[in-house]
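> If you read the sequences in order, they're chains A and B. Residue numbers for the first sequence follow the numbering used here, beginning at 1 and rising by one. Residue numbers for the second sequence follow the numbering used here, beginning at 1 and rising by one.
Treat the hints as calculated values from the structure; they're not laboratory data. From a predicted model like this one, the values you see are computed outputs, not experimental measurements. Worth double-checking, as some hints may not be accurate.
Claimed, not checked - Residues from chain A that keep clear of chain B, each with C-beta distances beyond 10 Å, as calculated:
1) I92
2) G120
3) H126
4) P130
5) P138
6) V170
7) I234
8) G302
9) L422
10) L423
Unchecked claim - Where chain A lies over chain B, by a calculated footprint (3+ residues, C-beta under 8 Å):
11) 28-34
12) 44-56
13) 70-82
14) 95-103
Here a beta-carbon is modelled for each residue, glycine too, at the ideal position from N, C-alpha and C.
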Amino acid sequence: MHSQPLVLGHKSLGQVTEDICAPMNRRPGFLWWAAFLASLSLLMVGGAAVAYQLSTGIGTWGLNRTVGWAFDITNFVFWIGIGHAGTLISAILFLLRQRWRTSVNRAAEAMTLFAVMCAGIFPIIHMGRPWLAFWMFPYPNARGSLWINFRSPLVWDFFAISTYFTISLVFWYIGLIPDLATLRDRQRPGLKRKLFAFFSLGWDGSYRTWLHYETVYLLLAGLATPLVISVHTIVSWDFATSVIPGWHATIFPPYFVAGAIFSGMAMVLTLMIIARKTMHLEDYITPRHIDVMAKLLILTSGMVALAYLTELFTAFYSGNPYEQMAFVNRLAGPMAWAYWIMVSCNVFIPQLLWFRRVRACLPAVFAISILINVGMWFERFVIIVTSLHRDYLPSSWADYAPTLIEIATLAGSFGLFFTCYLLFCRIIPVVAIGEVKGVLRHGTDHGRPRTVEPEREKTGPPAREPAVVEV
Amino acid sequence: MSQRFMLGVFENEVDILEATKAARARGLKIHDVFTPYAVHGLQDAMGLEPSRLPWVCFVLGLLGAGFKVWFEFWTSAVSWPINVGGKPWNSLPAFVPVTFEVMVLFAGVSTVIAFFLARRLYPGKTARLPIPEVTNDRFVLMLEETDSTFDVDEVREFLKSFHAVGIEERVTGNERR
């Protein structure tokens, strides 16, 4: 494993810069425009739907007195979950010294940012009067001051999501600064160069700065790791602290965190397979990267499957008739189709990835990653809707079906996500140039080990080694 | 006051690492080393102290957490206590999640701000690069010509022996773009 190079094609340092920056200076191709216009159209459909539901009221949704949370909260949890894989790759794998992350961390972090943006929209719309969203913030006000209720998981969620977005943004930007400087120094004078110069903060590559930079990066990774776990834990508490059968379970935090990383990793794979093809990054995002991420999918799929089984076992073992009913209803009730889509996509289909040949076949991995995303969306739908629509009182049982407005809003969130992502691919290097350069020698058999032999320290110049980076 | 510098330009991290180590062993004064990416081992080669930023992170994180616990206690138990499901005014366990989030926010953001202040990085600052390629594929060792004992020719030979691809002398700082 370690003898394999992380970057293929024996690149020189200059070539890495060239390869990664080249797509940004080329005119976008037909595929990009097609994808961009499609995403923008979706975004506009979603924008119109949001404008309509805000001016009319959220009575335009299919919610009723029994099913008070459905599509919007499903979408919220789905998007937050997507974001988590970005932080996993950028922070947790950094702490675990997984060098392969360097090729994908920039794109995965961008995915996190855009996913959290999409997620943030839904609770804000759900408030019904989003122009009062600032009431979530504890500020001195003319009503008393009436403070927010710090005992409420919904308030915790507000703090978790805003902190998560801020830290992710800062982490992403810090990682970007050296690359912006690289872009600045290769750009012809003009507006673009001025912008790169502005945002690269006068970065000059001084090692004294690099030293602090590495420390900051390590600290942020160390902070982001517990943060990402706390965020989805708190999201799960939105449910687990209530008394609805199917929600009131102690397994929820780990179950949600594992599911989040599972869905996010699937989304990273979807995006990476597209990016390597359309941006010609085959040498940087290699089959090995796809292979490692597919293995992570098997792992997280197993964790999710374990959670599903534990939930079922606990429900039947508990002897609580309401809890048992909730799960019988999931397995065989009117929305059983959603449950079985979830199980098929999240548990059965990912098992195909055990086979090396499936992992090596990019179209297959791509298809599986999309199915996992579908399955994980349905997981949240199952948790939210099937738990709510039949709870303690049969007299208040109700069914739920989304309206076109809700579907348009979901489509709009995908539009927002992909519009942002496609723009990101055009204006910012999708692979972290500086970090890839650092691992360029990794695994090349004619590269000397990183630590230099101590006896050479004072004995003078080394013999000319074959220059590893420019074969 | 003018200062004189001797620049050695290198093509890969092995050379810069070796040259830096040897320069330090010879007692030459290393003004700075410029690299396109973080070369591991340079910290020891240059003899730099570890960054003190973790202290900023720790102290500000602690401050943020402390402030938030106080604020939650003050709003929920002092300023306007509200009975929520009969829970005690001072429900400390329920304050933990937000306290944690605020701690992370304070620690993370303040570390980054401290980093910018410590290295004087700010938007729109003009970068003073020794050579423009230093953000792409060149490594620069910048030696300070301290006094008359600095033998220019000898140092030139020294840099050359580490496969320097460019050697030049600069007067007063590194401003050339």
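> All hints, please: hold or fail.
Structure-based check of each hint:
1. I92: Answer for A:I92: holds, closest chain B Cβ roughly 15 Å.
2. G120: holds, 15 Å
3. H126: holds, 20 Å
4. P130: holds, 22 Å
5. P138: violated, 6 Å
6. V170: violated, 5 Å
7. I234: At about 6 Å from chain B, A:I234 fails to clear the 10 Å cut-off, so the statement is violated.
8. G302: The assertion about A:G302 holds, with a minimum of 28 Å to chain B.
9. L422: The claim holds: A:L422 sits with its nearest Cβ about 26 Å from chain B, beyond 10 Å.
10. L423: holds, 21 Å
11. 28-34: holds (count 3)
12. 44-56: The restraint on the segment 44-56 of chain B holds, since 6 of its residues have a Cβ under 8 Å from chain A and three suffice.
13. 70-82: holds (count 7)
14. 95-103: Per the Cβ count (6), the hint holds.
The earlier numbered hints that this structure contradicts are 5, 6, 7.
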